[in-house]
Each structure stands twice: as structure tokens, then as C-alpha cells.
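Visitor: Respectively, the protein sequence lines represent chains F and U.
Per the numbering used here, the very first residue in the first sequence carries number 1; after that it's consecutive.
Per the numbering used here, the very first residue in the second sequence carries number 155; after that it's consecutive.
Take these hints with a grain of salt, some might be off.
To be verified - Taking lysine-lysine and the DSS-like style, the derived pairs with C-alpha atoms no more than 30 Å apart in a straight line are: (1) F:Lys10 - U:Lys277; (2) F:Lys30 - U:Lys255; (3) U:Lys277 - U:Lys255; (4) U:Lys184 - F:Lys147; (5) U:Lys248 - F:Lys94; (6) U:Lys184 - F:Lys10; (7) F:Lys108 - U:Lys301; (8) F:Lys119 - U:Lys255; (9) U:Lys164 - F:Lys51; (10) U:Lys301 - U:Lys258; (11) U:Lys301 - F:Lys10; (12) U:Lys184 - U:Lys258; (13) U:Lys248 - U:Lys273; (14) U:Lys301 - U:Lys248; (15) F:Lys30 - U:Lys277; (16) F:Lys108 - F:Lys10; (17) U:Lys255 - F:Lys108; (18) U:Lys184 - U:Lys205; (19) F:Lys67 - U:Lys277; (20) U:Lys205 - F:Lys10; (21) F:Lys51 - F:Lys108; (22) U:Lys258 - U:Lys248; (23) F:Lys123 - F:Lys147; (24) F:Lys30 - F:Lys51; (25) U:Lys262 - F:Lys51.
FYI, nobody ran anything at the bench for these hints, they're computed from the structure.
Source: prediction; values computed, not measured.
Listed below, chain by chain, are the residues.
Number of protein chains: 2
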Amino acid sequence: MSETTLRVSKIRDGTVIDHITGGHALEVLKILGITDHVDGVVTVGMNVPSKTLGLKDMVKIEGRELKSEEVDKIALLAPHASINIIRDYEVIDKQLVRLPKIIKETVKCANPACISNSKEPVKSTFYVENEEPLRLRCHYCGYIMEKQDIPNQF
Amino acid sequence: MSETTLRVSKIRDGTVIDHITGGHALEVLKILGITDHVDGVVTVGMNVPSKTLGLKDMVKIEGRELKSEEVDKIALLAPHASINIIRDYEVIDKQLVRLPKIIKETVKCANPACISNSKEPVKSTFYVENEEPLRLRCHYCGYIMEKQDIPNQF
């Protein structure tokens, strides 16, 4: 059993979000609505040594599988994350999160004057110019969004 | 090895905060300043079944021992918590957190008109009327503080 496995151990049924960029586990919890009152066991490992990432975070959630919009939001903050669905201690599905080229509605433009923040029926739309560090360009106003503009929106 | 031990496993050196009232682990992290960028491995278990508490949370912090003012703050939110200092995988010190009868300076009065919130040289002072649910009475204005008044102060 590896050191990593020892730190935050196996769950029976649920989701393991692994290879979260180090330091982002708490933001992932926020995306998933895991604040004070949560049902089911949740375990979190932060700054766990990782061969590929240097330091990684991971989140294990017993008894819950993620919705696709939750996976999309995780991709914004942790583009290397993998999502493992566990049933009866076995990984039955594994997917890498991935950023689409265009992101619609998931995040709001940080430029308050942008038309997507007005009362007009306009859905926020961004082009992913770079994944890490994250760089999103607003379709409407050209504003460049970076990672630090995102977490407080969730 | 018990189910609990399996979920969040042993650390080599550092602090284990155990028997945190279920749902309060993230507030404990906040008290300890563990937000996004933290040095060293931190593991968190939430809603772990406990014989005495029903559900408990726990936090394990590698390579760090707590200051007494941090322990005092944890006592406000998790009056049943135990703090274990670990060296070389062994518990070398174990202490129960405990609320003093009078709390000075640790928290601010939630009544904005209280003299302890003015520019006067007055230190906040509360009498602990009840531990759980928490009830603190302000020495100056008599305002009753409850648990929900506390977390946003840290």
C-alpha cells in the first residue's frame, strides 16, 4: 500500500477526486456544496506528495456521484483532476476532467460592465485561451479572467 | 485497525484534532489558517461514525503543533475535541480542549453598539453560560452570543 493510499484510505461507494492541483481541495469542496452540514463521510487530503504534480490534493466522498456541471467546475480549478466512481471498493469508472474550448454559463464575467452581467438575456461565454495558468477571454467584452477570479463565484 | 483509523490514517509528526463535533472540521481549518495555501500534509475526515458523538470530524496536520490560543478557539466550536500531539507515530501528549468560564479577547461581541467594539480600550469579555449549544454573555452589554455568531470572526 503506497504512502498516499495510507493517508486517505479506501471508500466503499462514492467518488474519489484525485490529482487536484495542490491547495485547491477546499475550493473543490465549495464547488460541491460541502460546507458545514453535509451528509455522508467526506475525507480530504491536502499537499500529498504526487509523482506527476509535485503536491496534490484529493477528496473522497462516500455515497455520492458527481453531476456533469460539477465536473465542469472542478476542471476550471483543477485541470489535472481525475474522477473515479467507486462501487463496492472497486473503481468502476474513471474520467479525466477536461476543459472545453468554450465555457458557457458556468462562470460569470468579472467585468461588472460586461453585457453578460446586465439584465439582457445574454449567457456568459468564454474562450479558454490557456488551461494552466487559467486564462479565459470573455466573448462579449474581451475581459481576461484568471483563476483567482473564479472561486468566489461558487 | 478500526474503520475510523482506516479512513484517515496515521501521521508521523504533528497534531491530530479528534472528536470535533460533526460538521465543524472546515471551521477548525479556518481557525488554524488552513485555507488554500498551506505547508505540509493535512487530512480531514468529516461525518465519521463515533461511539460518543454519533458523527465526528477530525483533522490531522503533519509537522505542526498548535498554539494555546488556537486550542481556545477550537474549544468554542468543538467543545468535545481532543488534541493529540504525535511524534514518530506515537501520541506523546493528549489534551481535551475545554472552555474557560470567562473568555477574554478571543471573540468579538456581535452587538455593534457594544462598548467593546468602540475605540475605547476595552477588551471583549464573555461569561460562558452554556457549552453546547454555546451561549456566551457579554460582560459589557449583556448580549448573548451563540455558535453561529462565531465562525465568521476567524
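Visitor: Hint by hint, say whether it matches the structure.
Guide: Evaluated hints:
The straight-line distance between the Cα atoms of Lys10 (chain F) and Lys277 (chain U) is roughly 48 Å, outside the 30 Å bound, and the hint therefore fails. Of the supplied pair hints, the one linking Lys30 (chain F) and Lys255 (chain U) is violated, its CA atoms being roughly 35 Å apart against a limit of 30 Å. Pair hint Lys277 (chain U) plus Lys255 (chain U) holds up; C-alpha atoms about 16 Å apart against a cutoff of 30 Å. For the suggested pair Lys184 (chain U) and Lys147 (chain F), the alpha carbons sit about 21 Å apart, so the restraint of at most 30 Å is met.
The hinted pair formed by Lys248 (chain U) and Lys94 (chain F) fails the criterion: a straight-line CA distance of about 41 Å is larger than 30 Å. Proposed proximity of Lys184 (chain U) and Lys10 (chain F) is supported: the alpha carbons are some 26 Å apart, at most 30 Å. Distance restraint check for Lys108 (chain F) and Lys301 (chain U): the Cα-Cα separation of roughly 33 Å exceeds the 30 Å cut-off, and the hinted pair is therefore not satisfied. A hinted pair counts as satisfied when its Cα atoms are at most 30 Å apart, and Lys119 (chain F) with Lys255 (chain U) does not qualify at roughly 53 Å.
For the proposed pair Lys164 (chain U) and Lys51 (chain F), the alpha carbon gap of about 21 Å is at most 30 Å, so the pair holds. Between Lys301 (chain U) and Lys258 (chain U) the alpha-carbon distance is near 16 Å, which keeps this suggested pair within the 30 Å criterion. Annotation: proposed proximity of Lys301 (chain U) to Lys10 (chain F) is violated, straight-line Cα distance about 33 Å (limit 30 Å). At most 30 Å may separate the alpha-carbon atoms for a hinted pair to count; Lys184 (chain U) and Lys258 (chain U) meet this at roughly 20 Å.
Between Lys248 (chain U) and Lys273 (chain U) the CA atoms are separated by roughly 40 Å; this puts the pair beyond 30 Å, and the hint is violated. Straight-line distance between C-alpha atoms of Lys301 (chain U) and Lys248 (chain U) comes to about 25 Å, which keeps the hinted pair within the 30 Å bound. As the CA atoms of Lys30 (chain F) and Lys277 (chain U) are separated by approximately 35 Å, the hinted pair breaks the 30 Å bound. Restraint check for Lys108 (chain F) and Lys10 (chain F): the C-alpha separation of about 36 Å exceeds 30 Å, so the hint is violated.
At most 30 Å may separate the alpha-carbon atoms for a hinted pair to count; Lys255 (chain U) and Lys108 (chain F) exceed this at roughly 48 Å. Between Lys184 (chain U) and Lys205 (chain U) the alpha-carbon distance is near 26 Å, which keeps this suggested pair within the 30 Å criterion. For a cut-off of 30 Å, the pair hint linking Lys67 (chain F) to Lys277 (chain U) is broken: about 49 Å separates their Cα positions. The straight-line distance between the Cα atoms of Lys205 (chain U) and Lys10 (chain F) is roughly 21 Å, inside the 30 Å bound, and the hint therefore holds.
At roughly 34 Å between alpha-carbon atoms, Lys51 (chain F) and Lys108 (chain F) are farther apart than 30 Å, so this suggested pair is violated. Restraint check for Lys258 (chain U) and Lys248 (chain U): the C-alpha separation of about 25 Å stays at or below 30 Å, so the hint holds. For the hint pairing Lys123 (chain F) with Lys147 (chain F), the CA-to-CA distance comes to about 20 Å; that is within 30 Å, so the pair holds. Simply put, Lys30 (chain F) and Lys51 (chain F) have alpha-carbon atoms about 26 Å apart, close enough for the 30 Å limit, and the pair holds.
A hinted pair counts as satisfied when its Cα atoms are at most 30 Å apart, and Lys262 (chain U) with Lys51 (chain F) does not qualify at roughly 45 Å.
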